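**Student:** What follows is the residue order along each chain.
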Amino acid sequence: MNPKVTRRRFIKGVVASGAAATTTGMWYAANGQDRPGGAVERLIRINVNGQMRSVDVAPQETLASTLRYKLGLTGTKLGCNRGECGACTVVVDDVATYACSVLTHSMKNARIETVEGLESPNGDLHPVQQAFVEELSPQCGYCTPGQVMAAVALLRENPNPTREEARHAMSGNICRCGSYDSYLDGVMRAVQLG
Amino acid sequence: MVATSHDVMPDIELYQPTDEANALALANTLGSDGWLLAGGQDTFGWLKDRNKAPGAMIELTQIDAWKGIRETADGVEIGAVTTLTEIANNPIIRERYGVLAQAAGVVASPQIRNVGTLGGNLNQDARCWYYRRGLDCYRAGGNICYADSPEGLNREHAIFGASRCVAVSPSDTAPTLVALDATMVIASQNGTRTMSAQDFFIGPDRDIRSMTALDDGEILTAVRLPAAWANAEFYFEKVADRNVWDFALTSVAAVMKVSGGTIEDARIACGAVECVPRRLEAVENAIRGQQRSDELGARAGELAVEGARPLNYNNFKVPLMANLVARAVRG
Amino acid sequence: MGEIVRYKRDVWGEEVILGVSWDLLWVVAVAVLVLLAAHAIVMAALAKKDLDRPTAEGRRVVRHESIDRTFHWLMAVSIFVLIFTGTAPILGLRIAWLNIHWISGLLLTFLIVAHIIRSMFWQDLKSMLLTPKDFSEPFDSTSKPGKYYFEQKGMHWAATVVVLAVIVTGVLMFMQIDTPFWNRTNSMPEDQLGLVFLLHGLSTLALVALASTHIYFALRPEKIFYTRSMLAGWMSEDEMAANHDPAKWTPKEAE
Amino acid sequence: MAYMHIGKDFVPPDVPGKVTGRIKYAEDYTREGMVYSRLLTSPIPHARVLDIDASEALAMDGVFGILTADDVYPDGEPQSTGLKILTNEPTLVGEPILALAAIDEKTAETAISRINVTFERLPFVLDPLDSLAEGGANAYPGDQNTFVFRQGFATEKWTEDQVASFRAGNEPTAEAQQTWSLGDLEAGFAASEFVYETTFTTAGYPHHSMEPRSAMAYWEDGKLYLHGTSQSLTALADGMAPIIGVPKEDIVFINAATGGGFGQRARANSIPSMAIPAKLSQKINRPVMMRITREEEFTIGGARQGFQGWIKAGFKPDGVMSACDLYIISDNGGKGGGGDASSAADCIDVLYQPDALRFRGTSIGSNTAHRGAQRGPGQNQIAPIIAPILDKAADALGISRLEIRKINAPRNGDVAGPRQTPFTSAYVPESLDMATRQFDWEGRQARRRQRNGSKVIGLGLGQGYHNAGRSGMDGIVTMGTDGRLKIHNGVGNLGTYSYASTSRAAAEVLKMPWENCDILNVRTDNHLPITSPQDGSNSIFTNTRTMFGAATDMLNKMKEIAATDLGGDPADYDVSNERVHQIADESIGYTYAEVAQRATELGGKFTGEADLPEELAEWTQISVSRLAGSAFMGVYHDPRHEGNPPGFTVTCCEIELDLETGKYEILDMVTIAESGTIVHPQGMENQLVGGAVWGIGLSGYERHLYDPQNGLPASTGYWQSKVPTYLDTPVKIGTGWVDLPDPENPVGARGIGEPSMGAVSAALTAAITDALDGHHFATAPITADMIINHLAGTEENAAPLAQNNFRG
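Chains as they are written, first to last, in this note's numbering: chain P, 4 to 197; chain G, 919 to 1249; chain A, 2 to 256; chain Y, 1342 to 2149.
Derived from the structure by calculation, the hints contain no laboratory data. Values in this document were obtained by computation on a predicted structure and should not be read as measured data. For every residue, glycine included, the Cβ atom is placed at its ideal position computed from N, Cα and C. Incorrect hints may appear among the rest.
Some, not all, of what chain Y presents toward chain A, calculated at C-beta under 7 angstroms [what the hints assert, rightly or not]:
id, residue
1, PRO1384
2, ILE1385
3, GLN2050
4, ASN2051
Take these sequences, add in the hints, and give me the full structure.
**Tutor:** What follows is the structure, encoded as C-alpha cells:
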C-alpha cells in the first residue's frame, strides 16, 4: 500500500523542481498541454526588497507562494489565501497588495516590498514597525506583517493621515484579536516618528 | 469526491499579451479554455478551489490601450483594466461621475480595489455560496438550484427576475453604469461592437451560465460614460452587512437632472436584487417632471418593489430596496 | 462523439446522472438527415417518371374534421415551440426560453389529454389501432389500408410514446421550478432528478427525429395530399381510391 | 504599592519579531526532506466510512502514504465526545477522515481527489430542537444526541408539542438534563413588581483565529519534535503526548507564537489534528508539514455553543432582581461541547445577585462544527440577552438604567454560583461609576432616542464577567553564574503577552532589572513548568502566583546561602540592585552572579536536586530533573487559592441607527475593567479593545450557517462569517480600569480577556434595543435584515429559535 520511495528518488524530485535551496510548499510541475505558443517562461527575475531575485515560478503561482516557499520570506502570512483577511499584504510599487491574490508572473516589472525589507541597513526598525512596538499594536501577531505593510503604503501616499483616513486605508486587513485601535494608535504614532 | 479543501493553484498556463491583437487572437484561439484574467480577485478563488478548470489564463492588465481614463468628444472612456482605486480617485470621475467613483470606492477592500479592475468588477461571477462551493447547480451546468428551495439559505439572493438560478448581480459598479447609461466596448478578432450597459448584463433566463453578453473570444475593453449625464445629481448607497469585504444586500445608483427641485430626467438602477442591475424605468417615468419630496420618494420606493418575489430569507430586501430608492429620489 | 449520459456530483460529491449528452442532438440530426436523404434518393431512383398520380379533382371526401385539424396544428405548433425553446439555448442561442417552454408544454399536455379523451369517446379509435394484420400491410401490395396505413399508425404511436414520455418527465421537471402557481421545492432526490432529465432529453431526441421524419413525409410529393387534407380537411375520391380501402374506411363526402 | 515592574508598560520580547515578520509560526518552519500532507474530509454531515480505496493515489509519483483512523486508533475510536484525530464516523462536514503525504501540496490535493471513500449516509440534524423532537435525527454515533458526563452517549427526546411550544415562545416543559437553583424562586417572582419572560437565541460561531492550525512534525532519536499552535506550551504538550501516544519526556513541542486561540487552542483535545503530522511522520519516516486551509480551520476549528433559551426575570419595586429562571438548550455541535449554559446562569448570578435563581439546561448535538470554549463561554452569550431585560425593568420601575445595575451589582464579600463561592474581591459599583463618568452617561441621556432624519440615537450600558483565576500550578526560575534571571514560563504566546507579564512577577520579587531577565518559553525543551491552559482568563492570576512563588523560593534560597556563608539569619537579608545583602549593612552580601555561583557549588536543593515541593506535576518534575544540578533554581508548587477571582467589565456606548437601512454606527464607546491590579497597561488595553471587537461581532455580525437541506457549512471563511473589520468598529474605543488589588494574588492581579467582550456585546445590544424603542430581539447577532424586517413589518420564513441558520 505504501509506495516505497527511496530517499534518493525523493531528493531527485526536489532538485528537479529547481528549488532545492528552499523548501517549497506549493511546488509545481511544468505542464505540457497543446496550446498556442507564447506562454510565460518559468525562470523569471523579480525585484524583492530591492534585490533582483531569480526564481523558478510556475505560471499559476501566487506571489505569496513564491515569497514564502521559494524565497523563504515567511513574514508574509497566509491567513485565508483568498483575499479575505489581508495577512499576506505586501507593497507592490508603493501600493498595498494581497500577495495571495496576484500572480508572481504579473510582478516581473514591479518593485515588491515585504515586511522583511523594511528595516534600515543598520537594523533600525521602520517608523511603522517602531511605532507598532511602542504602541504594542500587535496581539497574536499573525496579521501584523500585513498591517505593517498596509500602513507603510498608506504613509507613502499620505504621510499625514487623519485617524479616519488611516482607518479606511487599513481596512483591508482583518485582525481577529481586534487590535484595530492599537494599530491605529501605531499608525498615528508612526506619522510622528516620520 | 469534493472531500478536500483545495487552496493550491492547480496547473494552468499563463499568457501575458502586451498588445491588443495578440490578446484577441489568444482569446479567439483558446475560447472557453482561456480565462480572461484582469485583477484576478474573482479568479484565483475559483481556481484554487478547483471549481473552474480553464487550461490557460490570458492576462489583460499589460495592455496599455485598455487602461486609463480618457476624455472623449462625448464624455469619458475608461479602459476596462483600470483599477477600481484609480477610478475612485480620478479627479475627472470624481467631479463628473461621482456616482461611479463612490461605487468603485466601496468595492470589497482597499487592496482588492488596488488590483481589481472595472472590467473584472463588471464581469465577476455570481456570489451564491452554493455555486461558489463548487456544487453542480444550474449555473455550474447542473440541473438544480440549491438556493431556491423552502430551506435554501437565500438571504442574499434575488427578489426579481429569477429563472431557476436566483443569484444576484454582485457588482457595485454595474448599477452605476446602467444608471449612467454607459456604453460597453467589446472587442474580438472580428472587430469591435458596443452595447448599452443595460444590455451587457444578462439574466439566467437568457443564459444561466453567464452573467454578461460576452461571447467566447470577446473582451470588454472599455466603458464609455456619456457626457449627457456628466455632473448630474447622483445618489449611490450600498447596504451590506459589513463595511469592508462585503457584497451589497441592496444598492442603489441614481442619476438625475434636477432643476429647482424638479426632476427633469432620471435613471435609477438597483444592485443585488436581480441577476442583473435592475433598471427602474417605472420609477423614472413616475418621477420625471415631479418635485422632489418625501412623498415622491415614498411613492418611488413603492413602485420600485412592485412585483418583487422574495424567497424565504430575503423578504427584507423589499423594504430595504424601497427605502433606498426613496432616499435617492427624495433628495 | 462523446457519451449518451452526462454525470455530475451530487451535493455530497457522489456521482449521479445529470441528463442526456446534448452531443446526441447532432448525432440525431445527422442520422435523420442521412436516412431521409437516402430515402429520397432511393425513392427518386425507383420512381416511374410517367406514373399517374391520383388527381385532386373531382369529388371530395372528408379526411380530417376541422376540430381534428385544429388539434393537430396546435400540437404541431406547441411541439415545434417546445423543441425550439428546448434546444436553441443548448445550441448557444441566448433567449429567455423557459417560460415559453413550459407554457407550450402545458398547452401540449392539455391538448394531449383532450385528444386522448376525445379519441376514446368521440373519435374512431379503432382506425388508429395497430393490429397484427397491419404489420403485413407493407408487404402485401394487394391490400389497402383503412383510414391510416401502417406507417402512419406507426408514426402516430411512436409519437404517442415519445410525447407522453416527454410530457411526464416535463411535468416532473416543471414541478422543480418556480411558477406562478407554486414555489419550487427540492423534494426530488438528485439521482431521480437526473433520471428525469435524462428521459426528458432522450425523448426530446426521439421527438426531434420523429418530427423531422414526419415533416419530410408530409412534404413528399406522393404524400403531400395528406398534408393538404390536414390543412383543408378533404382528399379527392381518386386519392382515396388509390390509397385506401373503402371497405375499411368510409369517409363522409365533403361539402 | 510601589512596584518596579507591575503596572508598567514594557516591550514584550517577541514584539519586534512580530513587526518584522521574524517570529515563526508553525507553518514558517521547514526541515530537510519535509513532505506535505493534506486532509480528506467528510463531504457528508453524518456518515460511516465503509471503504477507503487509495490505491490509485498511492501509486502516484510523489505520494508517500496515507494515515487513517484505523492507523491512529488501532483499538477503535474512543467512544467519547470531542474531536478525533481522524474518524470513520464523521458527524460533520469537513471532519478529517484521512491524511495523505506527498512531495508537495498540489500533488497531495490531486492524489486525494483520486481516493475513493465509500460512505454510508446517516440521518443528520442541524438544529438541536429538531433533534429533540420525537422522530428527529440524532447527530452522534449510535443514533444518540447527547452526552452525559461520566455516563456516555445518550438520547434525549421531547414530544413534538413540547418543542413546538418552546419555539412558539413558551417555557420549556420537559425535564432538563442539568438543574441547579438558589433561593426560593416562587417567592422571588411573587415579590416581583416587574416580570419579563422571553425565549432567546444566540449564534454559536467559529473562533477563526488568523493562523490556521497548521503543524509540522518529525522524529529524531526517538523524540517527537512537534511545531504547532497552542494557548499554552506545557498544558498543551502535557495533553498532546497521550493523544499521540508518546511519553511526556519524549515530546518537544515548539510554538514560538500562536496566531490566535480564543479558547480553541487551550487544550490538546480541542486541537487533536496536530497529532496527524506526528503520526504520519512516524509512519512514513519523514518530516511532515500539514498546512491547514481557512476552510479546514473552520471545520476542525470549532465554534462557540449556540443557545436556544428561555428566560424569566423578576424585579422588586426597588429594582432588585428577585428571581431569574433560565432554561437553555445548548448546541453541542457534531462532537460534543462545553458547559456554556450553566456558566451563563452563573454569570447572571454573579452580575445581578438575584434573590433566587434556577438554571435548567440540556445539551444536544447537531451535525455542525465542533463546539468548545470560546472567549467567555456562556457568560458572553447571555450578556446581550440580559442587558435589554435590565433596561426594560429599569424603565418599567422608573429607575435609571445605571442605578438598576448598581443596585444589583456584586460587591466585596458577595457570593455567587451554584456553590455560592465568595469573590476574592469585587468592585463593580466602582467600575460602573468609572465607566459612566468617563463616558458622560448621565449627560448623554438627553440624546437618547433623538431622531435625525432617518437616524436615531441609542444608548447602551453593559456588563461582563468571567471567572479569572486558578491555582495549583508550578513555577521554575533559574539563575546562571552570569547573574541573569531565567524565567521558565509555559504560558503560550497567544498575543496577550501574559507569558511576559506574568514573568514580571518573578522579576518583581527579585527586584531584577527587566533587561537582565530572560524568559524561557518557545519550546518545551526549555524546561518549562506545567501551567494551566491559557484559557478562562486565568493566566495573569494563576501564573503570577507561580512566578512569584518560584522567585520567592529563589529569594529565600539566596538569603539562606548568604546567611550561611556570610553570617546572620536569612531574615536579616534582603535584595536590591541585583545583590542579596544584609539589611543592616548592605555591603555584606553577594551579587546575584556570586550567589548563583555558590548555589551551583552547593547543589542539592539549591539546584533542584533535593527538597523539591512534593506536589509538582509530572511535567514539571521532568523539567526540573533535566535542569537539576545545572543552575541555581527556584521552584514552586502553588497551593489552591480560596474564592472566585472575578474579572469584570463595564461598557457604555452610543450608536446612531439608520431606520431605513438597519445599519448603525457606533459613535462612542468606553469600556472599563475591574480585574485587580493592572500588571501590563498596554496589554490590558489590547484585551479591552480586542474584546470590544469580539463583542461587536457577537451582537452585530458573526454568523454560523449550515445549509439545512444537506448540512454543508455556508460560512467557512472570513467573508461569510462576517468577522468585524476596521470599519465596523469604533474609530476609537475608550478604556480604563479600576486597579484595586485582589488579596488572593501576590501582585493583586486578576484576568480580563473574556469579560472584555461580554460588556461590549451587552452595551451594543442594549443600544440597538434602545434605538428601536425597546424592541427586544432576544437574539445575537442582530443583523440589518432583522432590523429592517422589524421596522417594515415584514418577516422571513425562518423557524423561531433556529440554530446554525438565519433567524427571522
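**Student:** Take the hints in turn and mark each one as holding or not.
**Tutor:** Verification of the hints:
Interface hint at PRO1384 (chain Y): satisfied, since its Cβ lies 4 angstroms from the closest Cβ of chain A, which is below the 7 angstroms cut-off. The restraint placing ILE1385 (chain Y) at the interface with chain A holds, with a minimum CB-CB distance near 5 angstroms, inside the 7 angstroms limit. Here the hint on GLN2050 (chain Y) is kept, as its CB sits about 6 angstroms from the closest CB of chain A, short of 7 angstroms. For ASN2051 (chain Y), the interface hint holds, the least distance from its beta-carbon to any beta-carbon of chain A being 4 angstroms, beneath 7 angstroms.
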